[in-house]
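Here's the letter readout for the chains.
There are 4 protein chains.
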Amino acid sequence: MFDLNEYMASKSQFLMIAGPCALESKEQVESVLSECDDLKVLRSGIFKMRTNPDTFQGLGDQGIALIKELKDKFDFKFITEITDPRQVGVLNEVVDIYQVGSRNMYNYDLLKELNLMGKPVLFKRAFSATVKEWLNACDYMSDLGEEKILLCERGIRTFETSTRNTLDINSVVYIKQNTNFKVIVDPSHASGIASMVRKLSHVAMASGADGLLIECHPNPVQALSDKDQQITPKELNQIRKELQEMAPLFDKKVI
Amino acid sequence: MFDLNEYMASKSQFLMIAGPCALESKEQVESVLSECDDLKVLRSGIFKMRTNPDTFQGLGDQGIALIKELKDKFDFKFITEITDPRQVGVLNEVVDIYQVGSRNMYNYDLLKELNLMGKPVLFKRAFSATVKEWLNACDYMSDLGEEKILLCERGIRTFETSTRNTLDINSVVYIKQNTNFKVIVDPSHASGIASMVRKLSHVAMASGADGLLIECHPNPVQALSDKDQQITPKELNQIRKELQEMAPLFDKKVI
Amino acid sequence: MFDLNEYMASKSQFLMIAGPCALESKEQVESVLSECDDLKVLRSGIFKMRTNPDTFQGLGDQGIALIKELKDKFDFKFITEITDPRQVGVLNEVVDIYQVGSRNMYNYDLLKELNLMGKPVLFKRAFSATVKEWLNACDYMSDLGEEKILLCERGIRTFETSTRNTLDINSVVYIKQNTNFKVIVDPSHASGIASMVRKLSHVAMASGADGLLIECHPNPVQALSDKDQQITPKELNQIRKELQEMAPLFDKKVI
Amino acid sequence: MFDLNEYMASKSQFLMIAGPCALESKEQVESVLSECDDLKVLRSGIFKMRTNPDTFQGLGDQGIALIKELKDKFDFKFITEITDPRQVGVLNEVVDIYQVGSRNMYNYDLLKELNLMGKPVLFKRAFSATVKEWLNACDYMSDLGEEKILLCERGIRTFETSTRNTLDINSVVYIKQNTNFKVIVDPSHASGIASMVRKLSHVAMASGADGLLIECHPNPVQALSDKDQQITPKELNQIRKELQEMAPLFDKKVI
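One line per chain: the protein sequences are W, H, U and V, in this order. To convert a position in the first sequence, counted from 1, into the working numbering, add 1. To convert a position in the second sequence, counted from 1, into the working numbering, add 1. To convert a position in the third sequence, counted from 1, into the working numbering, add 1. To convert a position in the fourth sequence, counted from 1, into the working numbering, add 1.
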């Protein structure tokens, strides 16, 4: 059974977090949970941040009930994005790790609220935050500190347009050399291209990162959001196998 | 007496909004209100967004009481930044225009809350938001619409380091040509250099902008935040005079 | 008659340089020279820098003969881009001001060659050069110095895509405050949108710039390159009139 | 003995190119050649591109003589930067691979000259070139084509300042998926920090790159240029060993 505290304390565990961009239905999540090998932490959006308010905004309360139901059947931890400090009341029951999305990195009032909650936070870098600003923002969650914050590099905004964002792999190496924070890489948002996720996952392990956050959907073509960057459970299992082969060279163990 | 609705409906009024970065004391704000010629809208921060949580975070509730007191003595409208939807309760009494700062442009839950409030919103562009994203985010305040939203260009983040940000004057021209939104330019943040504010104010009027948001402090050297980019009331009055001379050429009237 | 040395020494002359992106035919250039009011300096490309080698690369030697012929008939100075130090031999006869394009700002061997030639150089900033690098590169033409170098801000590369480039108007204000260099603004490349050239020309004068470099074609729709950003002689004449009205406010005189 | 054509034709050879930023002395290069294990291709600058003309500009002709002398004693191929088409005459005798530096990526006249020479070209991406522009520029060397061009990703310019540049590892994965070009990664310039070169070298192999270009100096502290990013031969040898362990997992062989 997966122990989150043990992971945070370990130097060698390489954690694979995966799941659909947005929670869409029971069938969808059950597929992911049953088809992905050894999935210990499920990610999925309940309250979605969408650029356009007329697009799918997530299942909301209905999604929370669904996760509760699934937790009785499957053994997994759940991570989802919080976008408003007032959501803490409803989310806290089902959430094991709070995700702060890139658009909320500077939402200091939200960070202060999470600091009070005491649960681990996966803290995404803003599109165009410098590493220094990102680390400074962690100070708003100083009670959590390096023991409970997982930094997540998800690509930065540059002039380049062939990929959705530019994975700043330098930042991962830099942070691992200069701090004790865990760093998770999100190859799905960093590229926006499903076929690049595999190689960028290899890159993440080679960089010294502590894990991956991957968008995975049983049927990406029909996903209600981010359809171009989600991979299938089968592809995810293949990546896991390859990372398991790489892991010993980097003193890591894939979990 | 200044009528905000009239300004929003007018094509020719060029509005000068000014005030200190942060509300620091009664003396400070009284200086600004009495020394700045014809100041119709005062800007100042009560709840500050600071990169570092250990720096001055604003006067909070004490600041609200202060504004109430000053409104009895001076005739002005007040604009301040809101950083959390839960601040609406305390702020609404003294606020005439809500400011959404660049770090909260993507805070859609905050935008939805302001949409319900019905008061005008000065909506700053995020550091690295495209014009398209900025305009899309306005859809979260569709009840306010072009009649009650003032877009504020405050400089974008680029590779250039000689100035704090890069004023995207293209965006002002582009938005005025393609939408009906009002656009306010913030030369203080766009440059981060007090001595550049004057010329950038000329630029703003020449670009077709509808006004300026300028940081002005009776004694910039002693400001608790943003000391390098605040100008004095005397400098502000000089800029106002120069803009009044320019205005007829651009079918504008400085207010 | 226009005196280039007088312009370089003057603080008040605001110079309008205009002409087609590329020299295409005698008729084309004659139209520009005869229809643009008071055009003292003609710009046009003879050796074009194109991203794609299969697109129109300029008239080359034939273009040089054409300019010679036109100089007998019209009174104008000629500016064109040099892309290779070996072109000096053929270009020197017809060129009054050498243009170094943004893609050659770091071509130090070219700069050294121009330093030897002694003619004025219009020196465009590279897409992504910092102001500091731009000024440093001028040191490769130290014999020309502030007396013979015209810096040209033509827009920088950022994440924004609604305009072709981002006009860095901050850089103009900054350089005028901190150096004695002349600064010319190129609103055509800075926006890539013909309809924005007029307002950006106003902006340039308000910023303290010393002139404009504008792409102007008798029939932009049929231009062999940059068709979206060229304006007509008639539009150029209208801009000139508006700038003449603005000029006294900025202690300038449009030439 | 190393065969360059064989490397260009191979899918599995992972080439390590190393050497000092600038050729400084016979002792310096001999140290590198004798202390670096199996060094098949030496890199070093003879004509340096420096931002500031008053800094060390390279040994020039003296450097060429030195390389000739060393080629009699050691078995290696030589790669150096060409900055002016007129250098071809002196460089061609000692150069096996021409390097086009990032500041010359858009120097199309130089590319056309190299296209005529027929030797392999290591073609660095400009600071802020899009992948599309980079690939388009290769069309100026269409006679060389995928058989003789080695693309080199050396970091792009972004807003981030904690590292000198931002390694765009996405671009490596993207180009390997979409073209047949070889891609070399330059971790020295991409980070500007010697201690990051090791991890970024691992990253390069994991990304699917075909080799590395590493700045290596017998005594980095005393280097006349780029002293912060050069590693020692001993550190290089350690990286080589680690890459040899990784190689089989990626169907590669380190040469």
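None of these hints come from the bench; they were simulated from the model. Keep in mind that a hint or two might mislead.
Since the list can't tell identical chains apart, any single copy or any two copies may satisfy a pair.
The calculated DMTMM-like cross-link candidates involving lysine to aspartate or glutamate, where the alpha carbons are at most 20 Å apart (straight line), are [unchecked claim]:
no.	residue 1	residue 2
1	41	28
2	133	227
3	228	31
4	242	28
5	120	31
6	113	134
7	74	134
8	120	148
9	254	243
10	72	236
11	113	62
12	228	73
13	113	55
14	242	252
15	177	243
16	27	73
17	133	55
18	78	39
Quick rundown of the hints versus the structure:
no. : hint      : in the structure
1   : 41 - 28   : within (18 Å within a copy, 57 Å between copies)
2   : 133 - 227 : between (29 Å within a copy, 19 Å between copies)
3   : 228 - 31  : within (19 Å within a copy, 55 Å between copies)
4   : 242 - 28  : neither (25 Å within a copy, 48 Å between copies)
5   : 120 - 31  : neither (25 Å within a copy, 45 Å between copies)
6   : 113 - 134 : within (16 Å within a copy, 27 Å between copies)
7   : 74 - 134  : neither (41 Å within a copy, 40 Å between copies)
8   : 120 - 148 : within (10 Å within a copy, 43 Å between copies)
9   : 254 - 243 : both (12 Å within a copy, 18 Å between copies)
10  : 72 - 236  : neither (24 Å within a copy, 49 Å between copies)
11  : 113 - 62  : between (23 Å within a copy, 18 Å between copies)
12  : 228 - 73  : neither (29 Å within a copy, 56 Å between copies)
13  : 113 - 55  : between (30 Å within a copy, 13 Å between copies)
14  : 242 - 252 : both (16 Å within a copy, 16 Å between copies)
15  : 177 - 243 : between (23 Å within a copy, 19 Å between copies)
16  : 27 - 73   : within (13 Å within a copy, 59 Å between copies)
17  : 133 - 55  : between (35 Å within a copy, 15 Å between copies)
18  : 78 - 39   : within (12 Å within a copy, 49 Å between copies)
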